[in-house]
Amino acid sequence: MDFTFPKEYELFRRMVREFAENEVRPLAKKVDAEHRVPFETIKKAAKLGLMGVPFPRKYGGSGAGETGYCILMEELGKVCTSTATVIGAHTGIGAMAIYLDGTEEQKEKYLKPLASGEKIAAFALTEAQAGSDAAAIKTRAVRDGDYYVLNGSKCFITNGDIADIITVMAVTDPSLGARGGVTAFIVEKGFPGFSIGTLENKMGIRGSSTAELIFEDCRVPKENVLGQFGAGFITFMKTLDIGRASLAAACLGGAQAAMEGAMRWAAVRSQFGVPIAQKQSVHFAIADMATEIEALRSLVYRTAWLIDTGQPHVKEAAMCKVYGSEVASRCINRALQIFGGMGYSREFWVERAFRDARIAEIFEGTSEIQRIVIASNLFREMGLRISP
Amino acid sequence: MDLDYLQMLMGEEEVVVEEKGEGYRNIWVVAERAGDELVPVTLEMLNQARQLASTLGAYVMAVLLGGDEALAQELIYYGADKVFLCDDPALKDYALEPYAKALGDLFAEKMPEIVLFGAADVGSELAPRLARRLGTIVLTNCTGLTLDAAQRTLVCTMPAYGGEYSEVVAFSPEVHPQMVTVRPGAFGRPYRDEYRSAEVETVAVDLDGVQPRVKVLNVVAQVEREPVPLDKARIIVSAGRGMGDAEGFALVEKLAAALGGEVAGSRGAVDEGWIDEEKQVGMGGVTVRPDLYIACGISGAIQHYLGMEEAKFVVAVNADENAPILKVADVGIVGDAKEVIPAIIEALGA
Amino acid sequence: MRIIVPIRQILDPRGFTVSPRHERIFINREEYIINPNDKNALEVALSLKDAGEAEVIVIAGGQARLDDALREAMAMGADAAYLLTDEVLAKTDAAGVAEALARGIEKIGDFDLIVVGQETLDTADAQLGPWLAEYLGVAQVGGVRQASISDGVLRVRRNWGAGYAEVEVALPALLTVASGANKPRYPHGGRIMAAYREWQVITWNSEDLGLTAADLAPLTQGRGRAFPPERTLGERLTGSPQDVAAELVQQLRLRRII
Ligand SMILES: Cc1cc2nc3c(=O)[nH]c(=O)nc-3n(C[C@H](O)[C@H](O)[C@H](O)COP(=O)(O)OP(=O)(O)OC[C@H]3O[C@@H](n4cnc5c(N)ncnc54)[C@H](O)[C@@H]3O)c2cc1C
Ligand SMILES: Cc1cc2nc3c(=O)[nH]c(=O)nc-3n(C[C@H](O)[C@H](O)[C@H](O)COP(=O)(O)OP(=O)(O)OC[C@H]3O[C@@H](n4cnc5c(N)ncnc54)[C@H](O)[C@@H]3O)c2cc1C
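Chains as they are written, first to last, in the working numbering: chain H, 77 to 464; chain C, 2 to 351; chain L, 2 to 259.
One chain only, chain H, in its complex shape (with noise of 0.2 Å):
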C-alpha cells in the first residue's frame, strides 16, 4: 500500500495551486460581488487543459484521471467555489455523460471541444416537481423521423445559460418509469425549440449561474440519444457517482482554507492580553477541523483511486459527498467563529467562504439521499433484504 501521490500529481497540484492563486483568487470576490461567472478565468483555464483533466489525452483531456480532477477541484476549492463549481458542472457531469456513455463518434464531435475547453458544457437532469426524486421528471421527448422532439423545462442547471452542449434527461416511455423510460440526449444550444429562462439570484456560488432551460418542441437529431436508447437514468446516475467524489474535493480545499485562515488570525489576534490562538477552546476546534478534514481527504482520494482503478465506488462517492459537504459547512463555520465579527463582514473572504458552502449539502443529490443510498448499498453488500 503506497499512500504517496506520484510526481505527476505532485507537479499537477503545485501548477494548480500556482493557477487558483494567481489567477482565480483575485476575481473571487469580485465574481461573488458582481454575481457572474469568471469567463476570463475559464480561458485561462481551458488553455492549460483544465476543463477536460479526467478525460484521456486523445480527447483532448489531460488524461489525469479522477484524482487529477479531484486534486484541481481541491484547489479551486480553498480560492474560490464558485469557480469550482463552473468547472466542476462542465467536466464532472456535463462532458461526463458524454465520456462515460458517448459513442465514439459522439466523444468526437461533443467530448473533444468540451475536454479542449472551446465549449462549455450543462447537465439538465432536475426539474420544478423533481429533485431528490429524479425519476419524477416529466419532459417528454417524441420520436418524429430523424429527430426527437423534447417539450418540458429544466430547473436550478448550473451554466445553463452559458452552456454549448447540454446532456439532458427526457422521458421517451412513460409507461415504463425511470427504468427504461428515460432516455438521455446531447442538446446544443443553437438546436431549434431550446431557449433559456430564469437565472437564479443566489445565496453563494454567485460567480456561477443557474438557469431555467425550455424546450418547445426542440429538435433533436436521433444521432444525439446518448448511451441506450432508455437507459438514461443509468447514464445520469453514474455520471452523479463520479461528479460526487470532485465535489468533496472541492469541499476539502473549502475546510482546508477555512482552518488555515482561523489559524493564522488566532496567532495575531489578541483579546485580554493573549493571543486568542492560545485559548484552549480555539484549539480544540481547530484539532477538531483538522481531523475532519485529514479523514475526508483519505476518503476522497481513496475514492479517486477506486474510481480509476475501474472498482465499484458508488457507496463511497455517496460518502464522500455527504461527508465533504458536512465537513466543509461545520470547518467554515467554526473558522467564522473564530474570526468573531470579521467573519461577519462582506469585506472578508469568511463570509462567502459560508453562503458558498452551503449549496454542497443540496446540489447533485442533498445529504439525506446520499444517506439512503449509503446504507442502502450496505444492506445489500450484507445481503439484508429490507424491502417485502
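Wrong hints could be hidden among the right ones.
Just so you have them, the derived chain H footprint on chain L, three or more residues with Cβ under 8 Å [stated by the list, open to error]:
{"id": "1", "region": "69-82"}
{"id": "2", "region": "142-148"}
{"id": "3", "region": "196-206"}
Dumping the calculated PhoX-like pairs for lysine-lysine here, alpha-carbon to alpha-carbon at most 20 Å [unchecked claim]:
{"id": "4", "chain 1": "H", "residue 1": "Lys-119", "chain 2": "L", "residue 2": "Lys-184"}
{"id": "5", "chain 1": "C", "residue 1": "Lys-255", "chain 2": "C", "residue 2": "Lys-328"}
{"id": "6", "chain 1": "H", "residue 1": "Lys-278", "chain 2": "H", "residue 2": "Lys-106"}
{"id": "7", "chain 1": "L", "residue 1": "Lys-184", "chain 2": "C", "residue 2": "Lys-233"}
{"id": "8", "chain 1": "C", "residue 1": "Lys-255", "chain 2": "C", "residue 2": "Lys-216"}
{"id": "9", "chain 1": "L", "residue 1": "Lys-108", "chain 2": "H", "residue 2": "Lys-120"}
{"id": "10", "chain 1": "L", "residue 1": "Lys-50", "chain 2": "L", "residue 2": "Lys-184"}
{"id": "11", "chain 1": "C", "residue 1": "Lys-328", "chain 2": "C", "residue 2": "Lys-313"}
{"id": "12", "chain 1": "H", "residue 1": "Lys-123", "chain 2": "L", "residue 2": "Lys-92"}
{"id": "13", "chain 1": "H", "residue 1": "Lys-298", "chain 2": "H", "residue 2": "Lys-185"}
{"id": "14", "chain 1": "L", "residue 1": "Lys-108", "chain 2": "H", "residue 2": "Lys-123"}
{"id": "15", "chain 1": "C", "residue 1": "Lys-111", "chain 2": "H", "residue 2": "Lys-106"}
{"id": "16", "chain 1": "H", "residue 1": "Lys-105", "chain 2": "C", "residue 2": "Lys-280"}
{"id": "17", "chain 1": "H", "residue 1": "Lys-134", "chain 2": "H", "residue 2": "Lys-185"}
{"id": "18", "chain 1": "H", "residue 1": "Lys-188", "chain 2": "H", "residue 2": "Lys-119"}
{"id": "19", "chain 1": "H", "residue 1": "Lys-278", "chain 2": "H", "residue 2": "Lys-105"}
{"id": "20", "chain 1": "C", "residue 1": "Lys-280", "chain 2": "C", "residue 2": "Lys-255"}
{"id": "21", "chain 1": "H", "residue 1": "Lys-123", "chain 2": "H", "residue 2": "Lys-105"}
The hints are simulated quantities; they were obtained by calculation from the structure and are not laboratory data. Built from N, CA and C at the ideal position, the CB exists for glycine as well.
Assemble chains C and L with the ligands onto chain H, guided by the hints.
Relative to the frame of chain H, chains C and L with the ligands by itself:
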C-alpha cells in the same frame, strides 16, 4: 579634505600578503561607461579595489575602452594607479566582440591577479566570456569582497534569494585571474581627489578580423515605468484616512512616483473615495510583499497589517505617536504627513 | 530551427525561513523548483516556437533530481530533454556544470539558438550564458526581454541603461534573458501527465561527455553564509520634517532599498 579620507590615507593598517601566483599581479578594474560618463559602479569598484590593493600590496589598474584622456583622468582621481586606455575608434560604441578581443589580449599579456567588472549591462556580458577565454571563472553579482590572506584569494559575498542571506565563496588558489562582477550600489563611492596623478598608457589593440555580430538598430534611453500589480510591486506608498483630503492623497501619489513605486491605500482611503477598492491593502483587499512599504496616515489596524506584514522594510508616517503602525514599522516618523511627505520628496531629489 | 535552453534548479524559497537571529536557514519543506529566470528563458524559446517552426530542447547538468525540472520544462512545451548526471557531475560546482552543459550542447549539436536565464535566484550566479557563448563561439546578447525571428535574423529587445535597445543578431546565437522579462506560461495539465508517463529524459554521464572527475573539480570553496542583521522594529526619527526626511532617505539608500 575630508577627515575620514585623511584617516583612510594615513591610518590604514597594511597587511601585505606574500605574492604567490605565477606572475599574476595587481587588481584590475574594467571601467564601464555610458557615452561620455563613467557608470557609478565603476567608481564603486575603484573604491573597493583600493582597499584590497593595500592588503595585497598591489596596484589598482583601470582599463578604459573607447573613452578619452579626460575620462581616464577621472579614473585616476577616483583611485586608479594607472589607466590603460584603448581609444581605438572601433571601441567607441560598445560591441561585444571587439571589447572582448581588446580585453582578452591585454589580460593575456599583463596577467592580472584580480579583475573587477561592474555587474551592469556591459560587465555582465563581458566578464564570463573573458573568463572562459582566459581559462578561468567569474563569481558574479558580488556585494562583498575580502581576502583570504593565507591562500591569497578573493572571498566573495553574493546575495542569495534577493538578499535574504548571502553565500560566501572563495576562489581556489589555482584560479587565475580571479574575476568577479560587482553589484551596483554594493560599495560606496570614493572621494574624487583632483590632486592624484598617475600614468595613462594608451594601448593599441589588434582588432583585425574582429567583427561585431550584433547590430544595434535603435536605443531608447528612458522607458515609461509600467504599473506593476500590487502583489508584485517592489515599492509601495500607501495612503490612509490620515491624509485628510484628496490633496493630501495627491502627495502620496507624488511620493510613489518619485520612488518609482505603486500607490495603494487602507480601507480608510478607499472609503474616502481617494483610491480604487482594488488597491486596498489588507484582509479585505490584497496581500503585498514589497521591499519597501511606506504607510502614510494609516493607523495600522490589524486588518490592514495582515495585508502588509510580509513587507521587508516598513516606514510609517503618523501624527499619533501611539498609532499601532509605528510599532510594526522599521522606521517611524511622528508628524504631519502633509509636511513630512513633501520633505521626503525633496530629500529624494537632492 | 533548434533552440536549446539550459535549466537549473533551486530550493523553493516558499519552503524555508531565514532566521538572521539564529544565523540559520530553517527548511520546512525541501522542494526544488526551476530557477525562475530559467523559466523566463524557456518562455522566450517557447514563444519563438509558437511563432514559427522550432524544436525546443532543454538540458540540465548536476544532480539526478534535475529530472523533475526537465519534465516540468517539457510540460511547459519543450520537445526533448537531456539530463547530464552521475556521481561526479552531482558534486561539481557551477563552473563544472557549465563545462558539462557546453559539452552536452555540442553533443546535441546543430543548434541555431541557445536561450539562458541571466542569473540564478539562489546564488546570483550570472556566469552561464556568456560563458557558454564563448565556449561555443557564438554571438551573444544579454539582458534580453523579447525576441522574434524573421528570415533567419533574430531581432531582440534588450535592457540598456534605464531604457532598452533593439538589436539584430545573426544565428547561431545565445541570448541571456533578464529576470522577470516575461510571465512564463504554466505547465499544461495533459503535458504534465505525458511528461512523466510517456516521454523520456535522455541521460548522459560524465564519460559520455568526455569529462573526468579532475575536469570537474570545483574551482571555488564554499565559506558558509552571511546573514543580514536582525530586524528591529519601532525605531523613531525625530526632528524637523526636513531633518527626518533627509535621515530617512539616507537610511533607505544605505540599505540599498532605493
Ligand atoms: C445552485 C444549484 C445548482 C444546481 N445545479 C444543477 C444542475 O446543474 N443540474 C441538475 O440537474 N440539477 C441541479 N440542481 C438541482 C439540485 O440537484 C436539486 O436542488 C437537489 O437534487 C434537491 O432537489 P430539490 O431542490 O427539488 O429538493 P427536494 O427534493 O424537494 O428536497 C427537499 C428536502 O427534502 C429532502 N428529501 C427529499 N426526498 C427525501 C427522502 N426520500 N428522504 C429524506 N429526505 C428527503 C431533501 O433531502 C431536502 O432536504 C442545482 C441546484 C442548485 C440550488
Ligand atoms: C472585515 C473587515 C475587513 C477589513 N479589511 C481591511 C483591509 O483590507 N484593509 C484595511 O486597510 N482595513 C481593513 N479593515 C478596516 C480596518 O479595521 C481599519 O478600519 C482601517 O484600516 C482604518 O483605515 P486608516 O488607517 O486609513 O484610518 P484610521 O484608522 O482612521 O487612521 C488614520 C490614521 O491617520 C493618522 N493621521 C491623522 N492625521 C494625520 C496627519 N495629518 N498626518 C499623519 N497621520 C495622520 C491618525 O493618527 C490615524 O492613525 C477591515 C475591517 C473589517 C471589519
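Checked hints:
1. 69-82: holds (count 4)
2. 142-148: violated (count 0)
3. 196-206: Answer holds; 3 residues pass the 8 Å Cβ test.
4. Lys-119/H with Lys-184/L: Given that 20 Å is the threshold and the Cα spacing comes to 17 Å, the pair holds.
5. Lys-255/C with Lys-328/C: violated (26 Å)
6. Lys-278/H with Lys-106/H: This hinted pair holds, its Cα atoms lying about 15 Å apart.
7. Lys-184/L with Lys-233/C: holds (12 Å)
8. Lys-255/C with Lys-216/C: violated (39 Å)
9. Lys-108/L with Lys-120/H: Distance of about 38 Å is beyond 20 Å: violated.
10. Lys-50/L with Lys-184/L: holds (16 Å)
11. Lys-328/C with Lys-313/C: holds (15 Å)
12. Lys-123/H with Lys-92/L: Violated. Lys-123/H to Lys-92/L sits at ~39 Å, over the 20 Å cutoff.
13. Lys-298/H with Lys-185/H: holds (15 Å)
14. Lys-108/L with Lys-123/H: violated (34 Å)
15. Lys-111/C with Lys-106/H: violated (66 Å)
16. Lys-105/H with Lys-280/C: holds (14 Å)
17. Lys-134/H with Lys-185/H: Distance of about 13 Å is within 20 Å: holds.
18. Lys-188/H with Lys-119/H: holds (16 Å)
19. Lys-278/H with Lys-105/H: holds (15 Å)
20. Lys-280/C with Lys-255/C: holds (16 Å)
21. Lys-123/H with Lys-105/H: Violated, at about 23 Å.
Hints 2, 5, 8, 9, 12, 14, 15 and 21, counting from the list given before, are not met by this structure.
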